[in-house]
Structures are given as C-alpha cells and as structure tokens.
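Listed here are the chains, written in short residue letters.
There are 2 protein chains.
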Amino acid sequence: MSTPGPTPPPRTASALVIGNELLSGKVEEANVAVLARALRGLGVQLERVVMVPDDVDLIAHEVKELSSRFDFLFTSGGVGPTHDDVTVEGVAKAFGTNVVESPELAKMLRDHYGERCTDGHLRMALVPEGAALEVSPEVRWPTIRYANTWLLPGVPEIFRMKLPVAVARIGADVAFVSRAVFTKMDEGDLRPLLDAVVAGFPDVGVGSYPKWQDPTYRTKLTFDGRDVARVDAAKDAFLALLPAGEPQRVD
Amino acid sequence: MSTPGPTPPPRTASALVIGNELLSGKVEEANVAVLARALRGLGVQLERVVMVPDDVDLIAHEVKELSSRFDFLFTSGGVGPTHDDVTVEGVAKAFGTNVVESPELAKMLRDHYGERCTDGHLRMALVPEGAALEVSPEVRWPTIRYANTWLLPGVPEIFRMKLPVAVARIGADVAFVSRAVFTKMDEGDLRPLLDAVVAGFPDVGVGSYPKWQDPTYRTKLTFDGRDVARVDAAKDAFLALLPAGEPQRVD
Numbered sequence: 001m002s003t004p005g006p007t008p009p010p011r012t013a014s015a016l017v018i019g020n021e022l023l024s025g026k027v028e029e030a031n032v033a034v035l036a037r038a039l040r041g042l043g044v045q046l047e048r049v050v051m052v053p054d055d056v057d058l059i060a061h062e063v064k065e066l067s068s069r070f071d072f073l074f075t076s077g078g079v080g081p082t083h084d085d086v087t088v089e090g091v092a093k094a095f096g097t098n099v100v101e102s103p104e105l106a107k108m109l110r111d112h113y114g115e116r117c118t119d120g121h122l123r124m125a126l127v128p129e130g131a132a133l134e135v136s137p138e139v140r141w142p143t144i145r146y147a148n149t150w151l152l153p154g155v156p157e158i159f160r161m162k163l164p165v166a167v168a169r170i171g172a173d174v175a176f177v178s179r180a181v182f183t184k185m186d187e188g189d190l191r192p193l194l195d196a197v198v199a200g201f202p203d204v205g206v207g208s209y210p211k212w213q214d215p216t217y218r219t220k221l222t223f224d225g226r227d228v229a230r231v232d233a234a235k236d237a238f239l240a241l242l243p244a245g246e247p248q249r250v251d
Numbered sequence: 001m002s003t004p005g006p007t008p009p010p011r012t013a014s015a016l017v018i019g020n021e022l023l024s025g026k027v028e029e030a031n032v033a034v035l036a037r038a039l040r041g042l043g044v045q046l047e048r049v050v051m052v053p054d055d056v057d058l059i060a061h062e063v064k065e066l067s068s069r070f071d072f073l074f075t076s077g078g079v080g081p082t083h084d085d086v087t088v089e090g091v092a093k094a095f096g097t098n099v100v101e102s103p104e105l106a107k108m109l110r111d112h113y114g115e116r117c118t119d120g121h122l123r124m125a126l127v128p129e130g131a132a133l134e135v136s137p138e139v140r141w142p143t144i145r146y147a148n149t150w151l152l153p154g155v156p157e158i159f160r161m162k163l164p165v166a167v168a169r170i171g172a173d174v175a176f177v178s179r180a181v182f183t184k185m186d187e188g189d190l191r192p193l194l195d196a197v198v199a200g201f202p203d204v205g206v207g208s209y210p211k212w213q214d215p216t217y218r219t220k221l222t223f224d225g226r227d228v229a230r231v232d233a234a235k236d237a238f239l240a241l242l243p244a245g246e247p248q249r250v251d
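Line by line, the protein sequences are chains F and H. For the first sequence, this note's numbering assigns the number 1 to the initial residue and increments by one for each residue that follows. For the second sequence, this note's numbering assigns the number 1 to the initial residue and increments by one for each residue that follows.
Please note that the accuracy of each hint is not assured.
Pulled a few chain H residues facing chain F out of the computed Cβ check, cut under 10 Å [to be verified]:
(1) Asn-20
(2) Arg-48
(3) Asp-54
(4) Asp-57
(5) Arg-191
Hints in this document: simulated from the structure, not taken from any laboratory. All residues carry an ideal CB built from backbone N, CA and C; glycine is no exception.
Take the sequences, apply the hints, and build the full model.
Encoded structure:
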C-alpha cells in the first residue's frame, strides 16, 4: 500500500484589471477578492494582479506576460461596445491573432435586440480569432476564452454571474484551507512566537493582521495551506505558545 | 501679453499593493481608490497598480521598475514587525541599499512602549539606509520615503491617516476635473455619439459605464481632464447630440 505523497504545488493564476475609472478612483475595484476566493476553493493560487488603463498596447503587453507566467489569466473590464472597451483587441494582439466577428454572438445579439440592433451593439460580437465561447446551463450568454485567458466583464454583478462558468471549466483539485486565531497581543510581542511556527512549518502560510480599534481582539493570525493536517498542526503549535488568557477566538 | 499655453502632461504615479491576504481574498483591497482620488486632486495621474505577495524579491523587482517608470510610487502594506512584513527589505534591495535601524524611530518606539518594548517592536525602526522620515504637524509618527517611493501601511485607517503627509509634500499643480452625464440609452446606441466626441476632443478622457439595474439611468458618461474649458466643451458637445428626453442628470 502506497502512502500519499506531499500535496503538489498549486496551479497559479493572475488577474488583469482594466479601466481608467479604477485608476482615477471614480469606481472602487470589486472583483479581485471574489475571484481570489473562488480560485482558492479550486486549489488555484492567485499570485499577481495588475491594473492598467483602457489602452490596447498596455493590455496586450500584460496579457502576453501574465498568460505565459501563470496557469490562468482572468481579465476584468473593457468588454462592452464603446470606444474605451479595448480588451478583445488587446488580447488578440497579445496572442498575435485578429479580431473577427463571431457568427454565434452576432446571431444572439440580433435575436436579443431585434430591429433595434445597431453596429454599436454588434461590436459585442467581436472576439479574438480562435477564441472559445464558454457557457453553462445556468449562464447561457457566452464568456470569451482564448487559450488560458478568460475575458470577464468589469461590472461586478455580471462578473459574479459569469465567474461560475470559469470555475466549472477549470475544476477543483485540492482546495486551500485556512484557520484563524484572534488575540489581544500586539504584533511586536507576537513576533518571536510566529517566527517559531514559521520555522517549524515552512509549508504553511502564516499571516499576521493587526486590527484597528476592535474591542474583541488586536491581531488576527492565519494559517493557510492545502494539507489540512499540516495547517491544523501549525495552528495548534501556535496556540501552545500563547500565554494564559489567550486566544480570544479560533475559527 | 502672453496667452497661457496648453496644460502640460500630468505627473504620473504607480502603486504597489503588498499582501498575501489580498491575493487570497481574505481581505478586500481598500487603499487604491483613496490614493487615486487624492492624487487626482494634485493633478497626478495614477497609471499602474500591481499587487504582489509578501516576497522580498518580487517587491524589490516591482519597486525598481515602478519607481523608475513613474514620477511617484506608493507602496501599501508590509510595514509591521512580523515575519510577513518585508516591504522595507524589498525597497532597500530595489535601491541597492542596506536595512538599518533609524535612531529616531527607535527612540520613538522606546518612548511609546516603555518597559514593554521588545526586539519585535524595534523591528518597526528599520528603514532603507538613506530614507527620509516624513511628518506633518497633524501626523507626527513618521512615514518612510526613499527617493520617490512612499512606504504606506496596509491597514486602511492608518493609510488614510498617513496619506495627507505625502499629499502635502507632493503638492498640487493643475487638478483634474470630471463631469458626468447620466442617460437611459444603452452603450450600443451611445457608441456613434461618443465616437464623435472622442474624435473632436482627443485631449479629454471620455468614459462610458453601464449601470446594472438602476431605475434612474442605464449609462454614465464621464469627461475628464485638467483643462476645465475643454472638459466642459466636450460634455456640452455630447449633450448636444442626445435625443429629446435626455440626459437624465448632469453632475
């Protein structure tokens, strides 16, 4: 009987967040945390996020780099029909392909808008040549995917509607687990305790997060990994180092 | 009498957002929009944001690139005393300098913590050698600056407390102004109108933002720049193209 080996390294992902409105502070970015949590559930680690303006060349440059460095790339924003929606063009340029009209999307747009359908609406039928159109039984309006790059919309409600299509397609392997310990100690006093745990558990991610003016705790410690036994052992090793009266809470 | 020349190009900025907790979705990023808005008021354009984990080499690589490509770099996060706070080390590495204890910060920490002061607390006195300590009459706990790179904390409440020190030091030239028009038209129908305005006002940033299920409007159009007369002219040119019954509102 073979024993199970160590958990293999996780698949990796990156995100490219596109939009002048985010870089000017008119709109607060709201999709990265949602994406990150969905990916963790699949065992995929989000490793890099880049935010750029609505500029074809900047988008193309980033898509080329991020799609080659990580297993997956998710873009957010720039997929509508107006002059500032240039993500499809940027992705096509990154992969050295053309922008073409998808007959399938054009038909869906014509069916949807009927006699009101304009050239402006049909601009939403443009895709990088060779792209896949991903759907699910629940989400029938297609999401554009080119190789490992998923083109998601920036509008948060639609981003959340479409993300499950990517989640279903990518599939889970070993999900991340996370434990949290809340204490009233400050980070300066916690440092030697944390150093001991970090040294003993190099395979567990240990985080320390001070909270500003919360009456119930001062610092939250987190223990993260994909091997639940190791994560729990690191958390228990930390708990054993705490003085009397601690912790305040364990999640 | 000389006439005023065209508005010079704006100063540029970038942000490096540091923290595993953001990339895992445990915490939602909350500082970029605040930074962006403060910079716009100074006439500084935020052009790029990068989010990376708590990793010295990744931070050093990004600091080197962003501080050289833009007039200013703001880092957010990783300035506490625990093992996962490695921003000072990353910045020092980027600029090819050492990490040293600041006697001024060490004294402030000893005065603050008194007999409770530990080596852990004193870790917050470490700075890149040659860094400046920036204060203001309102914010007397120093913010570390190395050349054009400001090291701001990740905790949103403290980020907001410290940002005014950087704002005062950087100073304003010509601030950005922004106008907004709200319509019930959809982006497909708006496209030709926007294309006309964009062609006529290449110096004004024109944005189009669909709203999901709002009874009062469907699309928000924005007109941005540093020459208020041109921004207003672009907005007025757009208003003149709208059909009867529009706009719903102008801000």
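I'd like to know which numbered hints this structure contradicts. Please list them from smallest to largest.
Of the numbered hints, just 4 does not hold.
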